[in-house]
Structure formats: C-alpha cells, structure tokens
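Residue numbers (the working numbering), protein chains in the order written: chain A, 25 to 247; chain B, 9 to 249; chain C, 18 to 242.
Hints are computed from structural coordinates only; laboratory data are not their basis.
These numbers come from a predicted model, not from an experiment.
A few of these clues could be false.
[As the list claims (entries may be wrong)] A short, non-exhaustive set of chain B residues, derived as facing chain C with CB atoms under 7 Å:
id	residue
1	D58
2	R83
3	R86
4	L87
5	I91
6	F93
7	S95
8	N97
9	H101
10	L110
11	S114
12	V115
13	Y143
[What the hints assert, rightly or not] Covered by chain C, per the in silico footprint, the following chain A stretches (three or more residues, Cβ under 8 Å):
id	stretch
14	186–194
15	201–213
[Claimed, not checked] Short, incomplete list of chain A residues facing chain C, as computed with Cβ under 10 Å:
id	residue
16	P88
17	L89
18	L90
19	V91
20	F94
21	L95
22	F98
23	L103
24	T182
25	V216
26	L221
27	C222
28	F223
By construction, the Cβ of each residue, glycine as well, lies at the ideal position given by its N, Cα and C atoms.
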Amino acid sequence: MNTLLNINHLLFLLEGTWWTVVLTAVAFIGGGVGGLAIALARIAPADWMRLISGLYVQLIQGTPLLVIMFLGYFGLPALGYNVTPLTAAGASLTIYVSAYLGEIWRGCLEAVPKAQWEAAECLALSKTQRMFKVIMPQAIRLATPPTVGFSVQIVKNTSLASVVGFVELARAGQLINNSIFEPFLIYVIVAVIYFCLCFPLSVFSQRLEKTMARYGARTADAA
Amino acid sequence: MSMISLNNVTKSFGAVQVLKGVTFALEKGEVGVLIGASGSGKSTALRCIDRLETIDGGQIEVAGHRVDDPKLDLRKLRLDVGIVFQSYNLFPHLTVGENIMLAPCSVKKVGKAQARELAADALNRVGLADKVDSYPEQLSGGQQQRAAIARSLAMEPKVMLFDEVTSALDPKLTGEVLRVIEKLAVSGMTMIMVTHEMNFARKVANKVVFMHQGLVHEQGGTNILSKPETPELQDFLSHDL
Amino acid sequence: MTFDFSAVLTSWQMLADGAALTAKLASITTITGFLIGTLFAIARRSGGRVLRGCASAYIETVRNTPFLVQIFVIYFGLSSLGFSFSAITVAVIALTFNVGAYTAEIMRAGFDSIQRGQWEAGECLGLSPVQLYWHVGLRPAMERVYPALTSQFILLMLASSVTSQISAEELTAAGNFIQSETYRPFETYIIVALIYLALSIVMRGAFWGLGMALFPRRRRLGTPL
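If we strip away everything but chain A, and leave its shape as in the complex, we get:
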C-alpha cells in the first residue's frame, strides 16, 4: 500500500457521484420525452407508426447498452459529429431509456379501461383533449411505480458511461485506482455509494406499488 485512501479521493468520488446524478437526469428527461413519443406512437391508429415504433423498441431492447454506448461514442464522430463523452453517453442512454420507458408507458396507457376512452369521446372532447385531460392523468398514476423502479436501472446503467471515458462515479473509482492500486477497497466503496443512491428509490418504488395495489382495488370496486 503506497498511498492511503484519503479525503481528496473521497471528494473525487463524490464529484463522480454528482455527475452520475446529472447523467441520470439527462437520460431520464431525454428518455422520457422520447419514451412518451414512442408510447403514443405504439397506440396510434396509423399502422406505420405502430410498426416503426415497435421495431425501434425491439431493436433497442435486443441490443446491449454497452454496444449502444460504443455506437454513440465511436460512431457519432465517424459520422462527422464531434462529441464530448457526456453528450455521447447522454445520447446513448436517451435512446436506451426511451425504448424501455416507451414500453412501460404504453402498457400503462393501455391499462386505462376502454370505458374511459369511450366516455371521453361521448363528451365530445377532441382527440388531444381526451388524451391529455382524461387518459394521461390516469395513465400517469398507473405509471409512477414502474417508472420510479426503472429509474433505479438508469442510475445503474450510467456506470457504463465510464467505458467511454465519462467521469461519473465508476470512472472516478477507476481513476483513483490508477494512482493508489487498491481496486477491491475502492470498488466496494463505489458499490456502497451506488447502493445509497439506488436503495431509497427501490424502497420508494415498492411502497408506491403497494399503494397502487390498494388504490387499484378501490377503483375497481367503484367501476
């Protein structure tokens, strides 16, 4: 042991943690916008919209995130775009998250009872009004537990951005290891920090699911 793990290293890890949170937010927002578009396309009346969005989801869900990361990091410059690791990682994660959130949200839109669509139509609401005033609010309630659950996946997946050089938590650990050579200790600490980020989200998601189960039972009785 030539150099001990000191407070500077821990501060560096915390800085990496901050960038993990930033990247998670970018992926969530970007993937959220994309996911909403995909979800709406998956239930659109137009066949071609459903087909294309369906193929997109199948393609992304059948590819490892790491490969998508490499495509973003190496591929984009090859196409002529100069990108920072953050942009490349952000773009890759956005594509990845949009496919998964799209599927989750599609399921929630479809879970809103058909009767609600019909009631809204019979009240002479336009298509947009129907979607945003009647269906969405209910779908959002259904979607909250699985979305929070998936956000745990996003946090964990940001660790792969380290492979393309983005300095988030996992990469910070690698860099510290390059100077003090205590990989086991460092990665255990890194794991603990991830656990502290993810575990509260997991617990929150489970609690939401329990509340939803009770709520779902009540609305089912009412209907």
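Dock chains B and C against the given chain A, drawing on the hints supplied.
Same frame as chain A, but now just chains B and C:
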C-alpha cells in the same frame, strides 16, 4: 383405546378463540360426522387432527399418535391419516395417475411399477379407472374429488378425514362422491366427515357430533338428528332442508 | 459518408468466436443462475430468520448496484484472495451472482402463486419440505413465471457484454478489437448489435422448446396453469 380422541382441545387464531375445549372420541371402524354452523369450529377441529393447525391446549390422539406432542414425527402421522379437502387440491401439473403415485413413490419408496398398480386399484375403487392419464382440469368437480379420495386411499391410511368435500359440488356430482364415501364406510374405514349432508349422515354415521361456538354441544348416534335434545341443535336442523 | 461493411465482415471468424463465447456464457449462467436463484427463493420463503436475512441482503445488494461494479469487486476480490481464475471463470461467477438475485425474486413470486391448499395436500400425503418444493412447487412455479424467466435470461445474455471489461473475449470484445483495426466503428457495432438480436431470437426459440419439454400438461392441453 379409541382410534381418534380429542380431549379438551383449545385453539385461538389471534384474539379469536375458535375451539374452547372440544372433547369427543371415535372407535376403530366407526364413521363420525361433525356438524354445525359456519364458525362453530368444526373444520378447525378436523384440521387439528392432522396437525394442519397446532392446538393451544388439550390432547389429540389418532391411531396411537399423540398429535399435540411437539416432537411428533409428522410423516409417521400422515402415513396413518388421509385427508380430503373441499377444493380437492389435486396437483394440476400431474396427471391423475401421477397425482396418486407421487406419495407412495416419494414417501413409502414404492417402486414405479407397483405404484402404478396401486394407482389403478385406487382409481377402480372410486370408479375412475379410465382417467389415469387425464389431467385434473379435464375432469368434472365430482371426478376430481373422487380422484383426490383415491390419492389419499393409495397411502393405505388407518383414518380418513373429509373436510366438507361436497360443499363445492352441485347435487348431481355430490351424489357420486357420497357413494364412494359410503362404500369406504361399509368396508370398515375409520372416518370423520365435516358435512352439511344430513341425509347422508343419517344413513352412514355411527356417531354425530354437533359443534356450536367452539364446543361440542351435543353428541350421540344418528338419533340426535331426528330427536335433538338441545335447542341449538333443533334450531340448526330446522334451517337445514 | 460511405459505409464499408465488408471491412468488418472479413473478420467474421472473430465475430463468430465472440458470439460463440457469448452463447456459452449465457447457457452456463442460465443454469447456474437458475439454481442459485431458486435456492435463495426457497431460503427467503422457508428459511430461518438468519437465512432469510442473508438472502434478502444478497438480493438487495445485487439489485441496487451496477453490474459493472459487481464484476470489478468480484474480479479484484478474488485476485486479492490469491485466486487467479481466467476471465471467463470470473465472468461466469459474476453473471451467476447477478442473475441469481433477480431469478430469486421471480421464483419467489412463482412459489407464492401456488395456492396454500396445494402445499397442504402435499404435506398431508407425507411429503418432506424438500419433496414439497420439488414435486408440488417447482414446475407449477416455473410455468407461471416462465415469460419473466425467459426475459430475465435473455437480459443476462445481453449483460454478458459488460464482461468485455475484464477481458472476456466475447462478442462485444470482438467488436472492440475489429473496430480498432478497421477504423469502422459504426459498421462494426451495427453488425454486433444485429448478432445480439439474432442471439436473442435463437434464445427465445430455445426457451419455447424447453417449455414444451418441461410442461407436458401445457403441451397436451394448451391451457394456462
């Protein structure tokens, strides 16, 4: 010594005391019928006999086993006691034949060929010889219940317990199951039935035990069904058509 | 902007070898992961307080930390203990460790979906706890959660790409090498992605066939359990 005896058995579920000191006994070869309103504790008492529930106080003895003894070897008890449930509980992923062969092969270490014979024999006794390769979901309710009886019989128990086995069946299917149980009774099996089938009880029972609010309120032969002594039993029978 | 896929395709042998290792890793760890997962599911349901606590701790740790970090902890942990396993061995250990936790939760849900009466009937026939899980619990539980299990093990195959980071020479590693030689990252990774897609389709087919073999009742009657 009685084949089955309960002595001052008490049992609570949380704050609710379901059995408040139940006492009755049954001799070998006798058919006992447990009747009473829902909540009287009759199903609980039956389940306690096979240690599906543990009792809080009192003693239960079945075929020489002290059921209330915490050190009791449950497998030995279950070799001597067979139980049939209201919801049949056949294993859906196995054929009827496999359902019956499972316990003899796994518990009694009977060989496959011999087990197949046992199964065929048991199915014959309940009138389902041709259903050996069918899955439970392909059978009617009455057939499933008869298969469940065959499954318990294949283990050659000394005592059979029936927990409201016809309550989930319509009258037509009820009949075919009761005929099988009657045959069993005639052949000398010691059994206790929890049932609402009063006519059947009158025909087949040696002993009738009427339970009310967790206690044995009245017991005797089938005569108590025609001449009930206590007002509660009179009331219970008058509602029973 | 021209695309030159032929430059990549001349290295088809390397891609094939990488894909073969990915398939091998997926097959081995599906089996080991299922075994570990089922054992921990049983521990979580029927074990004593200590066993249940250990099972929960294991499952929560895996579910709340990234796979990449798990691989590094296992890799460096094993070497600091003096073991010098090959990259493939460490990959198998890490993948099993990871998928075992998710499988445990899936199988626990499967066992929980079996009605209490089934367990009671088996118990009253004299079956021991082990026999109960094997004869009464296992196949119905598997059948109920089979779609979830299939998805989980396909995800496992995709996750094996991360083992490229400890130098396992699977498909992603092959892609990394090829693109560094041909300077054609776009084409390389597109082809790699398509191969993964093909592997998922093959796996789905294999699981369908396995399901037909494991669940004769479903094969004969076609109804859900």
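So, going through the hints one by one against the coordinates:
{"no.": "1", "hint": "D58", "in the structure": "6 Å, holds"}
{"no.": "2", "hint": "R83", "in the structure": "5 Å, holds"}
{"no.": "3", "hint": "R86", "in the structure": "4 Å, holds"}
{"no.": "4", "hint": "L87", "in the structure": "6 Å, holds"}
{"no.": "5", "hint": "I91", "in the structure": "5 Å, holds"}
{"no.": "6", "hint": "F93", "in the structure": "6 Å, holds"}
{"no.": "7", "hint": "S95", "in the structure": "5 Å, holds"}
{"no.": "8", "hint": "N97", "in the structure": "4 Å, holds"}
{"no.": "9", "hint": "H101", "in the structure": "5 Å, holds"}
{"no.": "10", "hint": "L110", "in the structure": "6 Å, holds"}
{"no.": "11", "hint": "S114", "in the structure": "5 Å, holds"}
{"no.": "12", "hint": "V115", "in the structure": "4 Å, holds"}
{"no.": "13", "hint": "Y143", "in the structure": "5 Å, holds"}
{"no.": "14", "hint": "186–194", "in the structure": "holds (count 3)"}
{"no.": "15", "hint": "201–213", "in the structure": "holds (count 4)"}
{"no.": "16", "hint": "P88", "in the structure": "4 Å, holds"}
{"no.": "17", "hint": "L89", "in the structure": "8 Å, holds"}
{"no.": "18", "hint": "L90", "in the structure": "5 Å, holds"}
{"no.": "19", "hint": "V91", "in the structure": "5 Å, holds"}
{"no.": "20", "hint": "F94", "in the structure": "5 Å, holds"}
{"no.": "21", "hint": "L95", "in the structure": "4 Å, holds"}
{"no.": "22", "hint": "F98", "in the structure": "3 Å, holds"}
{"no.": "23", "hint": "L103", "in the structure": "6 Å, holds"}
{"no.": "24", "hint": "T182", "in the structure": "8 Å, holds"}
{"no.": "25", "hint": "V216", "in the structure": "8 Å, holds"}
{"no.": "26", "hint": "L221", "in the structure": "8 Å, holds"}
{"no.": "27", "hint": "C222", "in the structure": "4 Å, holds"}
{"no.": "28", "hint": "F223", "in the structure": "5 Å, holds"}
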